[in-house]
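J.: Next come the chains, spelled out residue by residue.
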Amino acid sequence: MIHATTEQDANVMGGSNLPGGRYRRINVMGDLRMEGDVRCLVMNCMGDATVVGSFQGRKTNVMGDMEFRGPVDAGTLNVMGEAKCLAGLRARVANCMGEIEVVGTLNADRLNLFGELRVTGDCNVDRFESRGGFRIDGLLSGDQLRIVPWHECRAAEVGGSRIEVRRRRGFLGLLLVWDTLMSAIGLGRNRGRLEVESVEGDDVFLENTTAQVVRGKRVRIGTGCRIGRVEHGGDFACHPNAEIGEVASI
Amino acid sequence: MGDDPNLISKKELLDQTGISYGQLYRWKRKGLIPEAWFQKKSAFTGQETFFPRTETLARVEKIKGMKDDLALDDLADLLAPAPVGLQVGIDELQSRNIVSKETLGLLFETQPLTDPLSFQAALHGWFVEGLLRNGEIGLEEGRLILSTLAAHHGALQDQRGQFLFLRKRGVGFCLVLSGTGTVLPDPEARIVAQRDFLTLVGEFRVILSGDKP
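Residue numbers (our numbering), protein chains in the order written: chain X, 2 to 251; chain Z, 6 to 218.
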């Protein structure tokens with residue numbers, strides 16, 4: 002980096018305010034508020050941080066709490082705590098084991114979700130992999146979407162090339178007893194479902210999904226589905242226990 | 006549904022152009038097909054998406070033709086409404102005869118200018134220059150158009166809107182239309198110029214990147 006000499010590290014242990022600007026590494030273990038636009042190589046937040054302006058980072062690790070008031074370009078984003086983006090989020094790769102909340106649009110090349118995701122706009126991801134729960138008020142769009150609903154998953158629309166929704170599976174029935182127990186108290190692995198108005202894709206495989214319309218070239222409807230209407234391009238199969246209103250070949 | 010001949014349903018679009026759902030959504034994500042063109046309408050099966058027919062068909066054909074030569078992101082750049090950080094030198098504009106001295110003068114009057122010009126300002130100058138050269142508008146009207154463009158650039162860019170210049174009984178006025186749609190003026194008014202902002206940007210980028218000296 003040409004500017005490396007002018008950039009500095011910031012380590013925050015207690016409570017502090019910092020101006021915006023260019024930084025190399027920002028480590029937050031206490032409480033930090035940054036006013037202005039921030040650019041940095043690495044952001045490590047283990048405490049509590051608020052960025053009032055825009056934020057741009059090569060690598061962003063949130064293990065504590067972070068709030069971004071301006072637009073965010075996070076680079077590689079790892080969230081094990083809670084990240085709140087009030088003006089949209091852009092990331093190259095986003096790994097979420099905690100909670101991400103986005104007001105606006107989320108754009109990413111890859112998103113791996115093990116925790117919770119909440120987006121008020123659209124979620125545009127080339128590769129989306131989820132073993133958590135999400136609520137997306139707009140469109141979830143991607144080339145490869147693989148969803149295993151561990152918790153409630155909701156989106157207005159899902160669209161893309163390959164869409165796969167699979168119910169959670171145990172290991173060779175070893176967890177059968179555990180499963181039965183958990184189901185009895187309402188925490189079983191069939192609890193997680195995907196609820197969506199419409200699904201559109203070239204290859205669509207669904208389990209545990211509730212949808213009004215499913216459109217696709219090749220459509221497979223598996224167990225635990227409630228679908229209002231299926232429109233397919235000639236290649237269709239469904240599980241006997243799937244509830245489907247009507248099927249049309251287009 | 007199917008009533009409006011200006012609209013095409015998603016199903017029909019895919020059938021006619023031979024593209025897949027995956028491609029359509031990919032292009033939407035990359036911004037190759039403007040968000041505003043996706044129009045939700047209720048149909049008997051629930052909601053269906055419709056597109057402005059001619060624009061969308063033309064755009065899809067264009068993307069299909071260009072995607073073999075260009076990476077998708079470059080294509081998105083080319084069609085992008087605001088190339089970030091691109092600047093154009095005033096000397097270059099004049100020496101290549103893209104914007105004349107008179108139009109530059111108008112530009113200086115309507116917005117604060119720097120050398121090099123921002124892409125936006127250069128685009129405005131080039132657009133008005135074209136109208137002036139065709140003799141469609143006068144200098145005074147050029148000034149009006151430039152100040153309108155400067156004031157509403159945000160709306161044009163974000164909503165991928167249209168710009169119109171109308172004249173009625175010799176009096177010209179500008180309209181900025183967000184999104185796509187048809188304008189039906191009264192019979193006495195005449196549409197002098199109607200340009201889709203995105204197409205404009207595309208054309209200007211080709212000119213700029215074309216024969217560099």
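Hints are computed from structural coordinates only; laboratory data are not their basis.
Among the hints, a few may not be true.
To be verified - Taking lysine to aspartate or glutamate pairs in the DMTMM-like style, the calculated list, with each CA pair at most 20 Å apart, reads: (1) 35(Z) with 36(X); (2) 33(Z) with 236(X); (3) 33(Z) with 247(X); (4) 45(Z) with 36(X); (5) 33(Z) with 100(X); (6) 16(Z) with 74(X); (7) 15(Z) with 204(X); (8) 16(Z) with 236(X); (9) 35(Z) with 74(X); (10) 218(X) with 20(Z); (11) 72(Z) with 144(X); (12) 106(Z) with 138(X); (13) 46(Z) with 198(X); (14) 15(Z) with 144(X); (15) 16(Z) with 138(X); (16) 69(Z) with 198(X); (17) 46(Z) with 138(X); (18) 16(Z) with 144(X); (19) 16(Z) with 110(X); (20) 33(Z) with 138(X); (21) 15(Z) with 232(X); (22) 46(Z) with 232(X); (23) 15(Z) with 110(X); (24) 67(Z) with 100(X); (25) 69(Z) with 236(X); (26) 45(Z) with 138(X); (27) 72(Z) with 198(X); (28) 218(X) with 141(Z); (29) 35(Z) with 198(X); (30) 35(Z) with 110(X); (31) 15(Z) with 74(X); (32) 15(Z) with 198(X); (33) 33(Z) with 110(X); (34) 218(X) with 17(Z).
Fair warning: this is a prediction, and the values are worked out from it, not measured in the lab.
J.: Now tell me, hint by hint, if it's right for this structure.
T.: Hints, verified against the model:
Proposed proximity of residue 35(Z) and residue 36(X) is contradicted: the alpha carbons are some 31 Å apart, above 20 Å. Only pairs whose Cα atoms come within 20 Å are accepted, and residue 33(Z) paired with residue 236(X) is rejected, the gap being roughly 26 Å. For the hint linking residue 33(Z) to residue 247(X), the alpha-carbon distance of about 29 Å lies beyond 20 Å, and the restraint is violated. A C-alpha spacing of about 40 Å is found between residue 45(Z) and residue 36(X), which places the hinted pair above 20 Å, so the restraint is violated.
For the suggested pair residue 33(Z) and residue 100(X), the alpha carbons sit about 27 Å apart, so the restraint of at most 20 Å is broken. Note on residue 16(Z) and residue 74(X): the hinted pairing is violated, with a Cα-Cα distance of about 35 Å set against a maximum of 20 Å. Restraint check: the Cα-Cα separation between residue 15(Z) and residue 204(X) comes to about 17 Å, which is no more than 20 Å; the hinted pair holds. Between the alpha carbons of residue 16(Z) and residue 236(X) the distance comes to roughly 16 Å, so the proposed pair stays at or under 20 Å and holds.
Between residue 35(Z) and residue 74(X) the CA atoms are separated by roughly 16 Å; this keeps the pair inside 20 Å, and the hint holds. Only pairs whose Cα atoms come within 20 Å are accepted, and residue 218(X) paired with residue 20(Z) is accepted, the gap being roughly 12 Å. Between residue 72(Z) and residue 144(X) the alpha-carbon distance is near 17 Å, which keeps this suggested pair within the 20 Å criterion. Annotation: proposed proximity of residue 106(Z) to residue 138(X) is violated, straight-line Cα distance about 50 Å (limit 20 Å).
Restraint check for residue 46(Z) and residue 198(X): the C-alpha separation of about 14 Å stays at or below 20 Å, so the hint holds. At most 20 Å may separate the alpha-carbon atoms for a hinted pair to count; residue 15(Z) and residue 144(X) meet this at roughly 18 Å. Note on residue 16(Z) and residue 138(X): the hinted pairing is violated, with a Cα-Cα distance of about 24 Å set against a maximum of 20 Å. A hinted pair counts as satisfied when its Cα atoms are at most 20 Å apart, and residue 69(Z) with residue 198(X) does not qualify at roughly 30 Å.
Proximity of residue 46(Z) to residue 138(X) is assessed by CA-CA distance (about 18 Å); at most 20 Å being required, the pair is judged to hold. Distance restraint check for residue 16(Z) and residue 144(X): the Cα-Cα separation of roughly 19 Å lies within the 20 Å cut-off, and the hinted pair is therefore satisfied. A threshold of 20 Å between alpha carbons decides the hint, and for residue 16(Z) with residue 110(X) the separation of about 27 Å lies outside it, so the pair is violated. A hinted pair counts as satisfied when its Cα atoms are at most 20 Å apart, and residue 33(Z) with residue 138(X) qualifies at roughly 17 Å.
Our distance criterion of 20 Å between C-alpha atoms is met by residue 15(Z) and residue 232(X), whose separation comes to about 13 Å. A threshold of 20 Å between alpha carbons decides the hint, and for residue 46(Z) with residue 232(X) the separation of about 18 Å falls inside it, so the pair holds. Between residue 15(Z) and residue 110(X) the alpha-carbon distance is near 25 Å, which puts this suggested pair outside the 20 Å criterion. Annotation: proposed proximity of residue 67(Z) to residue 100(X) is violated, straight-line Cα distance about 41 Å (limit 20 Å).
Distance check on the hinted pair: residue 69(Z) and residue 236(X) sit about 26 Å apart at the alpha-carbon level, beyond 20 Å; violated. The suggested pairing of residue 45(Z) with residue 138(X) holds, with an alpha-carbon distance near 15 Å, which does not exceed 20 Å. For the hint linking residue 72(Z) to residue 198(X), the alpha-carbon distance of about 32 Å lies beyond 20 Å, and the restraint is violated. A hinted pair counts as satisfied when its Cα atoms are at most 20 Å apart, and residue 218(X) with residue 141(Z) does not qualify at roughly 50 Å.
A C-alpha spacing of about 23 Å is found between residue 35(Z) and residue 198(X), which places the hinted pair above 20 Å, so the restraint is violated. Taking the CA atoms of residue 35(Z) and residue 110(X), the gap is about 11 Å. The hint holds against a cut of 20 Å. A C-alpha spacing of about 32 Å is found between residue 15(Z) and residue 74(X), which places the hinted pair above 20 Å, so the restraint is violated. At roughly 16 Å between alpha-carbon atoms, residue 15(Z) and residue 198(X) fall within 20 Å of each other, so this suggested pair holds.
A C-alpha spacing of about 14 Å is found between residue 33(Z) and residue 110(X), which places the hinted pair at or below 20 Å, so the restraint holds. Between residue 218(X) and residue 17(Z) the CA atoms are separated by roughly 14 Å; this keeps the pair inside 20 Å, and the hint holds.
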